[in-house]
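Participant: Protein sequence lines correspond, in order, to chains V and H. Numbered according to the numbering used here, the first sequence spans residues 1 to 482. Numbered according to the numbering used here, the second sequence spans residues 1001 to 1497.
Be careful, since some hints might not be right.
[As the list claims (entries may be wrong)] Label-pair restraints from in silico Cβ distances:
{"id": "1", "chain 1": "V", "residue 1": "60", "chain 2": "H", "residue 2": "1001", "range": "36 to 46 Å"}
{"id": "2", "chain 1": "H", "residue 1": "1191", "chain 2": "V", "residue 2": "169", "range": "55 to 65 Å"}
{"id": "3", "chain 1": "H", "residue 1": "1066", "chain 2": "V", "residue 2": "65", "range": "23 to 33 Å"}
{"id": "4", "chain 1": "V", "residue 1": "321", "chain 2": "H", "residue 2": "1194", "range": "22 to 32 Å"}
{"id": "5", "chain 1": "H", "residue 1": "1061", "chain 2": "V", "residue 2": "65", "range": "54 to 64 Å"}
{"id": "6", "chain 1": "V", "residue 1": "437", "chain 2": "H", "residue 2": "1025", "range": "30 to 40 Å"}
Honestly, the hints are just simulated from the structure, not real lab data. C-beta: ideal position from N, C-alpha, C; glycine also.
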Amino acid sequence: MNLASLQADLWTVAPELWLLGVGLLTLLLDLVVPAGRKAAVGLTAVVGLVLALIPTSSMVLWQPRTVLFGTYAVDGFAVFLKIIAIVTTILVILSATDSMGRQTRFEGEFYALLVFTALGLMLMAASTDLILLALSIEYVSLTSYVLAGFLKGNPKSNEAGIKYFLFGATASAVMFYGFSLVYGLTGTTNLYQIAQRLSAAPVPALYLAVALMLAGFGFKISMVPFHQWTPDVYEGAPTPVAAFLSVGSKAAGFAALVRVLVVTLDPSRVNWVLLIAVLSAASMTLGNLLALPQRNIKRMLAYSSISHAGFLLIGVAAFRGDFGTPGVLVYLLGYTFTQLGAFFVATLIGSQLGTDEIPDYAGLARRAPVLALLMAVFMLSLTGLPPTSVFLGKFYVLAAAIDNGLLWLAVVGIINSVISLYYYAGVIRAMYIMPAASEAPLAEPAGLQVALGVTGLGTLIMGIYPQPLIDLARSAAVLLRL
Amino acid sequence: MLSLIIFLPLVGGIIILFTSKTNETLLKGIALGASLASFVLSLFMTALFKIGGGFQFLELGNWIPSLGIHYHLGVDGLSLPLIVLTALLSLLSVAYSWRIELRLKEYLFLFLLLETGMLGVFAALDFFLFYIFWEITLVPMYFLIGIWGGPRKEYAAIKFFLYTLVGSLAMLLAILVMYFNAQPHTFNMLTLIEQQPLAAKPVLAALAFWGFFLSFAIKVPMWPFHTWLPDAHVEAPTAGSVILAGVLLKMGTYGFVRVSLPMLPEAFRIYAPAVAVLALLGIVYGALVAMAQTDLKKLVAYSSVNHMGYVMLGVASAAAAAGIPEKAVAAATALNGAVFEMVAHGVITGALFLIVGVLYDFRAHTRGVDEFGGLGARLPMYTGITMVAMLASLGLPGLMGFVAEFFIFVGSFGIFPYLTVVAVTGVIFTAAMFLWTIQRIFLGPFNERWAGLPDMDTREKISLVPLAVLMVIFGLYPRPLLDVINAAMTTLVAMVR
């Protein structure tokens, strides 16, 4: 490789390099900005992230290719997920500017960590080499452990950090063992070369490798049976971090999962479709049933995020045809807006009322009408009622299931949607039907208002006019297979 | 124009959201104005409607072209009466709700949103659009029952929501099955009717049929999916019950006639006897249980189960006769009766729930049938209108209900003679139930507890008198309405053949 092509390669990773710079700048700024005004650090990070959107989104329609010695993909799929990662980080920082300052002295570091995690998520989404994939997953995991345990004085946050670390380390180790098996079978770490050479590999070893790798991906996306950490970590971690983990990590995990399964493993050799379908049904059902009795909003959202992982897996299992992979992308983006929005409401209530219990949401419709309306929209969207973004995602993956002949999975999906209505409606019931404990209006910090506005609009606009997004997701999914 | 009719209420609702909640007169004015405008436009559309002209006032625009989803609206002789009925009942309900004080702003917004959803269901000709409107009706109804309902409102609201969501999601799957079997893939309902994509695939057709069946049968509601209905009707506020009984139930039967019958005629023909038996069970069961009620609202609710059974008997008969030329006349007659009953039941039961509300909401605050007596002498106006509505409901000749039931029985007798004979006995139970109710409330010795009860005021008269007049007009001279319906149903039966 000559110098000129290396230079061209570096341009294609400009957004990543830019984010690296933003992260370092945030760290430096933290040193000079006095305590009490650390929100400025967060705002700088937000500006940097917004600027990173420009080069990233300009890559949407680029010719797909791999750069840096075939280890890094530049295709619509990766770009789509990079945009999700950046948007998530922007919104999460905005939502945290008010509450984090009051909970910890190390506010600036918090923002820097989020920016660095965003960089890791972008690397995860675009890696086409097992080694780079392993490194980026570890990188994201390490920063996430710190973020989950960020509130040092809070025992629950400590517990979340430790638990996340122990589970995560185990899952990663198992996954790396799977990677090493694949390497042993094919003699290469490049995903595209693996795809070609796997045809000669013995089938039982392949099944073992897939199972081991699924442990790692399953951990990242909170898929049953690797989901146990989710509720404890979401409950203990600072609420903005829980929001970040439930959306950002999940999206990047799905990116890696889809890339490895769809690009590398030919289902005619390893029947992972059935395996994923069964895991999908299990995730949806178990997540939903466990969400039913929850009273803590963060635990409820944690279990519901497990069931949404199951829904997303429908799209992975039904990847053939025009609906599966675009369905995953559409679902991920729709879910990003809605889930973030729900967590932001939880952040606001948590910092204003000091509680995460759903019964304490009583009378919210009187105290903060706009907030309650938004939360109602988010809950109905998570249930999958039109015209909202998650409805579109569910519509897409259910269509994919039927298109792929997985009618039974679609039926499991709709049964679960009905079950989920019960606990989502429980939040609406508290806000609208139960009498208010007090009539005092709630203060709404500006950063949170912006974040809530974006998520609310995103949820509704995606439901009402999804055409541009669908085109984008389609082109992104077509580019994936190279 | 159709878009205007559908979305004017929503526009009004959004304006209401941005109006101060202390200015109650303005809020009510906006709501009344929006629903009145929608109703007037729907009358105007009726005047322009050409009988026998197929689908009219079509609107077709691209919405999500990459999935073949269009913004596609149109009305024919089946949907036109239902759209006018919806606009009328919504208008009267807003007028009736004048005395709502609790959280008025939210109430009016939800009501107008509900109206948009219902109108949209009857006008949509694209399945995706149809589904969205269908779902939009769920949410406001949940809130209307849950916030402004009676003592067991929360239970009733969530039960209603869960039941109907099961149905609509089953419908979503059925719609997707249709979509993927059409070539090219399309959500256009008219194209799907033409193409019959599942005609050669009996297993998929059966699956799709039962998917739609579950959705529509829960909405109708057919026995044994009716258990949400008594709870929802009893707990809902009066205007909510009116809309629920008057319009939402019709969405189910409308679905059977609009979707199941023309799109899956083969599957429906095979399973029609089963559907007819369920309808029959609804007729008999509804009437018997209604007779045992002492709560007036519950009584009217169960009488709905009974009446919707008649509609379903008519539809099932028509389905059983699909493809048999010599039974086409009977099928058309039964369908005419069924659609006429949909409108008639909307008018009559809407009125009955208002009547219950007049007594319960602002006067007696009890609905126990046995607690009254001899009201006839004290409340002449109220008694008169109640008698008209109840007699219409039990099918007295000269009133609206009779015409509908007559056609249904004449038509279905030619197809399911034995079932029809049993169904006719249901009329006797219905008659017994209403006559007994009239006797207990209005006749007999006067219960001195109600000595101070005033008769209806102007606002209540405005909501009730038009409905009573309609019952008499269409009972004596049903032709204008029947012509509109008949043209559409004859086309439908011919198409199914």
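Participant: Run every hint past the structure and note whether it holds.
Facilitator: Structure-based check of all given hints:
| no. | hint | verdict |
| --- | --- | --- |
| 1 | V:60 <-> H:1001: 36 to 46 Å | holds, 40 Å |
| 2 | H:1191 <-> V:169: 55 to 65 Å | holds, 56 Å |
| 3 | H:1066 <-> V:65: 23 to 33 Å | holds, 25 Å |
| 4 | V:321 <-> H:1194: 22 to 32 Å | holds, 25 Å |
| 5 | H:1061 <-> V:65: 54 to 64 Å | violated, 39 Å |
| 6 | V:437 <-> H:1025: 30 to 40 Å | holds, 31 Å |
Of the hints listed earlier, the one the structure fails to meet is number 5.
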